[in-house]
Structure formats: structure tokens, C-alpha cells
Amino acid sequence: MAYDWHPDFEKLVDEHQSMVFSLALRMTGDRGLAEEIAQDVFLELDRNLGRIESGEHARFWLRRVTMSRSADALRRRKVRGIDLWVEMEDVHAARAEEQSNYRGMGPLSIRLEQLLATLPEAQRAALVLRYQEDLTPEEIAATLDAPLATVKSHLQRGLKLLRSKAETHLKEYVRERKFVEGV
Amino acid sequence: MREFDAMNFEPGDEFERELQQAFARRPAPPSLKRRIMEKRRGPQLLPPFLTWQRLAASIALTAVLAGGVQWRIVEERRREESARRQVLMALRITGHALNQMNARLAAHSRGAQD
Chain A
1 MAYDWHPDFE KLVDEHQSMV FSLALRMTGD RGLAEEIAQD VFLELDRNLG RIESGEHARF
61 WLRRVTMSRS ADALRRRKVR GIDLWVEMED VHAARAEEQS NYRGMGPLSI RLEQLLATLP
121 EAQRAALVLR YQEDLTPEEI AATLDAPLAT VKSHLQRGLK LLRSKAETHL KEYVRERKFV
181 EGV
Chain B
1 MREFDAMNFE PGDEFERELQ QAFARRPAPP SLKRRIMEKR RGPQLLPPFL TWQRLAASIA
61 LTAVLAGGVQ WRIVEERRRE ESARRQVLMA LRITGHALNQ MNARLAAHSR GAQD
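Just so you know, the protein sequences line up as chains A and B, in that order.
So that you can map any letter, position 130 of the first sequence is 130 in our numbering, and since no number is skipped, the others follow by simple counting.
So that you can map any letter, position 111 of the second sequence is 111 in our numbering, and since no number is skipped, the others follow by simple counting.
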């Protein structure tokens, strides 16, 4: 079925590349993999452009496919026997040293991103869509094709876990700062 | 501290505001769009006339190279033949000179005997 909406693919890339790349990056914790996912997602969008009804539909479609491709990528890595969580923490820890990756971000923001990588995949997905994309639980459920109750549960548990981890790390951070300033 | 604020659409407390700030979208790498557009275009195929031009140029180049090699072989053979002739001529002259010398020596020894 053809729709009246005639999008310019290049404009769609311009408009949504940051969203797609950020979602993939926060889900995989790997910059190179996130770029690959973003490329694949946009090329798939190009193939399916005839089925997209509107700009809002394109945005929804991109979020949904990005989350799905990121989950596939994580699954493939697990199958290959990579200890993802250890690797992701390593990647994020290593990147904390790279100022270019966290340019313009405060120390707490950097720490929060690192802590996000330590959450289980489903909780991470819900929190990224909630706080990066400002989606409601209903919209997250539609994007992830999951029951609303499950999404709410992931949001609650994820937020609780992230909050407790952040409190612990924040106390350590404040202690370190006091120690450094004291010296 | 309120918990489960993620249920509300608006950020509930300082921590959630911090989360929103921390999870702001990151700029995509500058090369991402270029790579997407290149992949979208796919491998570039040459137009047919360019293919024929390339083929003709290859044949011409091969012919020129083969001609050059052939000319070099012929030229080497010509030089070898010329050198061989010169050596034969030198041998002939030397033989002729030796024969003359031999004849003179023979005449000289006959005169001495007489």
C-alpha cells in the first residue's frame, strides 16, 4: 500500500542518526558495533520506505528496529561466548578515560552511563527509551513489543538498581573528591 | 526519595533529571551519514561504452607491448648475426694473412736452400 508521505531519505538520516546511534551505543556499549547497527537500520528503512506512513511512524519504526537489532547483536555476542557484562564494563571503564566520548558531560553523568551498562538488557532498554527518548511506559511497551506490565516492572527494577548503584558510587565519588581536595 | 518515578511522564526528582541529562542523545559520528549514503548507492557499475573503451585500451596496450618485445628479439638476432659476420670476416683476413706469411716463409727458405 502506498502512502501520501514522500520522505527524503537523506533528510531522515540527518534527522534521526543521532537517535539511532545513541540507542545502539547505550544498548551495546560498543561504538563500532553501534555504527554498524545504525547503518543497517537506515538501509533497512530505505528498503521499507514505501510502507512508512508518516514522520512519526518513521521515528517509531527506527526506534523499534534499532532496539531489535541491538538485542540481536548482544545475543550474537553471547553465542560467541563473550562475557558481555564484563566486556561492556571494561569498554565503558576504558572510555571513561577517553574525554572525547564524554565531552561536555559532568562526572555524575559519565558515572550514570557507565552504571547503565551494568544493568540487565531488558531494564537497560526500558530506561534508555524512558530517559533518552522521553517515552511513556505505553510507548516503550509498543516499541519493544512487550506487555505494559513487564515494561513497568523493568522500569521500576532498573531505576531502583541504578539509583542504589549510583548512591554507592556517588558516596565513593564524594569521598574521593574530599580526599583529593584534602590533599 | 521517591521510587518508581519512571511511571510518571515528567521526571520525578533530581536523580531522574540527572538521568535525562546523562542519557541525552549523543551526536552520531560525522562519517556515519556518508557511509550510509555510499552503501545505499551500492557498487558503482561502469556504463557499457566505458567498458568497451577499457577493453580496447587493454588490447592496444597488449599489442604495443608484444610488438616491443618482438622488435627487441629481432634486433638482438640482427646484432648477433652482424657480430658473427664480423668475426668470420676477421678470421678470413687473419687466415689470408697467415697464408701469405706462410708462402713468403716457404719462398724464403727455398731461396736459402738454392
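Note that these hints are calculated values from the structure, not bench results.
Please note that the accuracy of each hint is not assured.
Cβ pair distances, simulated, as ranges [said to hold, decoys possible]: (1) B:ALA66 - A:PHE9: 25 to 31 Å; (2) B:GLU38 - A:PRO120: 50 to 56 Å; (3) B:GLU76 - A:LEU43: 56 to 62 Å.
DSS-like mimics (lysine-lysine), calculated; alpha carbons at most 30 Å apart, straight line [to be verified]: (4) A:LYS160 - A:LYS78; (5) B:LYS39 - A:LYS152; (6) B:LYS33 - A:LYS152.
All values reported here derive from a predicted model rather than from experimental measurement.
All C-beta atoms, glycine included, are put in the ideal place defined by N, C-alpha and C.
For each hint, the structure was consulted:
no., hint, verdict
1, B:ALA66 - A:PHE9: 25 to 31 Å, "violated (50 Å)"
2, B:GLU38 - A:PRO120: 50 to 56 Å, "violated (36 Å)"
3, B:GLU76 - A:LEU43: 56 to 62 Å, "holds (60 Å)"
4, A:LYS160 - A:LYS78, "holds (26 Å)"
5, B:LYS39 - A:LYS152, "violated (39 Å)"
6, B:LYS33 - A:LYS152, "violated (35 Å)"
In terms of the numbered hints stated before, the structure departs from hints 1, 2, 5, 6, listed from lowest to highest.
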